[in-house]
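S.K.: Below are the chains, spelled out letter by letter.
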Amino acid sequence: MKRVVFGYYGATLDAIGRGEKRWQKWRPSVSLCQHDDFLVDRFELLHDRRNTRAATALAEDVLQVSPETDVRLRVLDFRDPWDFEEVFAGLHQLARGYAFDQEREEYLVHITTGTHVMQICWFLLTESRHFPAKLIQTSPLRREPREGGDVAGTYRVIDLDLSRYDSLAKRFGEEREESLDFLKSGIKTRNAAFNQLIEGIERVALRSREPILLTGPTGAGKSQLAARIYQLRKSRGFIKGPLVEVNCATLRGDGAMSALFGHVKGAFTGAASDRKGLLRAADGGTLFLDEIGELGLDEQAMLLRAIEEKRFLPVGTDKEARSDFELIAGTNQDLAEAVAAGRFREDLLARIQLWSFELPGLAARREDIEPNLDYELSRASERLGTHVTLNSEARARFLEFAVSPSASWRGNFRDLNAAVLRMSTLAAAGRIDVAHVHDETERLARSWRRPRAPGDDPLALLGEVLTQAQRADLDPFDAVQLAEVVRVCRTASSLSDAGRQLFAVSRTKKKSSNDADRLRKYLARFGLRWEEVAARA
Amino acid sequence: MTSERHIDGSQGEGGGQVLRTSLALSAITGTPVRVTRVRAGRSKSGLLRQHLTALRAAAEISGARVEGDELGSQTLRFTPGRVRAGRYHFAVGTAGSACLVCQTVLPMLLMADGPSEVVFEGGTHAMGAPSFDFFARVFVPLLRRMGAELEVTLERHGFYPAGGGRFVLRVQPVRAWTPLSLVEPAPLRVTGLTALVANLPFVVAQRELAHAGDALGVPAELRRGMGVKSPGPGNVLMVELASEHGTEQVTAFGRRGVSAEAVAQGAVVETEALLRAGVSVGPHLADQLLLPMALAGGGALRTTPLTLHSRTNLAVIQQFMPLSISDEADGSGVTTLTLRGTA
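Protein chains in written order, with this note's numbering: chain H, 1 to 537; chain L, 1001 to 1343.
Fair warning: there could be bad hints in the mix.
[As the list claims (entries may be wrong)] Calculated cross-link-like contacts (lysine-lysine; reagent style DSS-like; alpha-carbon spacing at most 30 angstroms):
#, chain 1, residue 1, chain 2, residue 2
1, H, Lys25, L, Lys1229
2, L, Lys1229, H, Lys134
3, H, Lys276, H, Lys265
4, L, Lys1044, H, Lys21
5, H, Lys276, H, Lys170
6, L, Lys1044, H, Lys509
FYI, nobody ran anything at the bench for these hints, they're computed from the structure.
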């Protein structure tokens, strides 16, 4: 293996003059070739045309102390060796034109000579492997040598492949573990696919500013993960601004445009003052658009522009507004299907799904139920202000139920969260025992079970599509309406069919109508998807 | 084909001498050699550049096939072909000793098939190695007495760190060896002092001569200061001695940060020790003579107690040549070393 060194004639350090005293001084390019345990087979000595004579003389000195070295002088001119662009371009061109032969030669870049800008460029081009080289740094002996006057000084080879440095690799590994742990909210998840997914998200979150799309069923933890991604990026200094989170299903008509993009005073009736809008609120930060599939087509078009150009039009003005935000989108819909049905813009989908991650439901990660149970217990403790515990028998009983195939975990983490919260609340002094677990598993099983005769109790249907917590949150007014909607959905042949039935009157009064869309948005208000509601039929 | 010898490079003193002696004898006897643990335990272990140069020079002259000829290598295999006389040119980097490269290849050329002319470049006066002057004035005359026809001519001095020295060796193969016998007591006396300076103030030489001359009682007419040409700076002080058996020399090297007087004092101490020992062959010269004596089929000399360096050298020689060795020390520490070929 031949050793080839690239170095630039050091107009300061190498230039000591022609007097014999030069041999008593440390000259980096010469000293590099004066070590008895280090041999340079070829020295590609770059120099400015103006320094040709001095560089030639230097080459002769190198040959004298190192007759084994083949010194090749190469002219590389810089108008301004402190100009980053020029120096980088010059060295880059050198690298591109050089016939590297890594089978037979190993390469080193001598970074001790040349301007600081040149050092930076050497570093960048080596790190990017344009120079398939290691760096070599030389330095004089710190003290005046007493013995033998060793002017050769010292040298040090730096390999930029950080994985070769155990302690650094370990430190990076630890840092990586920390961020993975952070993304998982400190939950020691065991599901291999999920852990792999998180690793993928971590890489993307720290390396890319492109939009991220999180898909998966309701309650799979999209919104929590989005918040974690934001916090991770923020803690690493990638972003400074706030996290702005909005569920698109809650945005309606003109209000949607205005809520997202803002409006100016007088833009429409009731626009009594300027409104900034959510995009501008997210400037410099992250915008999390949950249920992005629920966004209207007009909003989609404006959003696309905002993503691509970082500019958009608030309602009621021709004056563009700007916002530089990172987008995380969430959906439980199949957006490709939505594109096919004309409900979602294909170009927007293409833009947001560059990094698409599908979060599995809890039923697909049964081994993660136990660590999540502990997590929920600690959250419940915090919330209730008491230390919530689960005795070992109760824990075993709960887990046995939780991981059994009969537990469908339809509401995913929402179900688990609600179950733990209920047990914690009911347990005296936060001590959950087998009896509490028994009651809770019964309740869960009941909520997931299909009713024998639909219609017997109209409201019983709600128990099938909503978690107990969601159900408890519902006004009687909404409960009756939703139950009827679910009943119709169960009997309808398609989403559009259900929409036509449910909006049978109002649709006749409109020029055009999209009943399916209205129905989808209605369901989304309760965190429901057509597929989930209809699947029970 | 002679079976391969295995030399443990870490034996005894464990330095470059084991390697140089092994290469010379391997080439001369046509015995392949495998040297392991080369310079093991040194702070920079394995082959350094000067060893690599010596190895490649030996390979070139003996047409050897070499494995492990890399910097830092601790294991090498040297399979010699036929030693060929001729014209060669070897250059040592880092101002390393060109004399040590010469020491490696000279025995081969003494046993070659014709006359040779070799140019050596690098350091001619390097610390920790015989200087050119020692080589030319002390060692070469003794070789001639053993039957060798050779001459060495200095063309330019080379000092650390600039190097750039150059000398030429012209040598004939030895037709008949004459064993050396330096056993009759013949005390040494100082015959002269020479201080060389290159690209340094001449006063350095004057101060060295004054200090050493006064200490050793050398009359002014035998003190000689010389400015020499060299690419870089350099300074040595040489104490020349002689006995009925021939010449000897003590050399001290000037170094940055060490005063001229301190350099001279080093030479004085070493010279006084040699004079006190009452021998005609000092430890360094004895070491140099071991290999030629073995080639000559024997010889004897009176010297100071054998150094570890010399014992190691002898042990290596014995691995290639059947040799009986006796060393008898008398009460005053004078050792009579006798080598006898047993083949």
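S.K.: Now, for every hint given, state plainly whether the structure supports it.
M.R.: Hints, one by one, checked against the model:
1. H/Lys25 with L/Lys1229: Status holds; Cα separation ~20 angstroms.
2. L/Lys1229 with H/Lys134: Roughly 40 angstroms separates the two Cα atoms, so the pair is violated.
3. H/Lys276 with H/Lys265: 11 angstroms, holds
4. L/Lys1044 with H/Lys21: Holds, because 29 angstroms separates the two Cα atoms, which is no more than 30 angstroms.
5. H/Lys276 with H/Lys170: Violated, at about 46 angstroms.
6. L/Lys1044 with H/Lys509: 94 angstroms, violated
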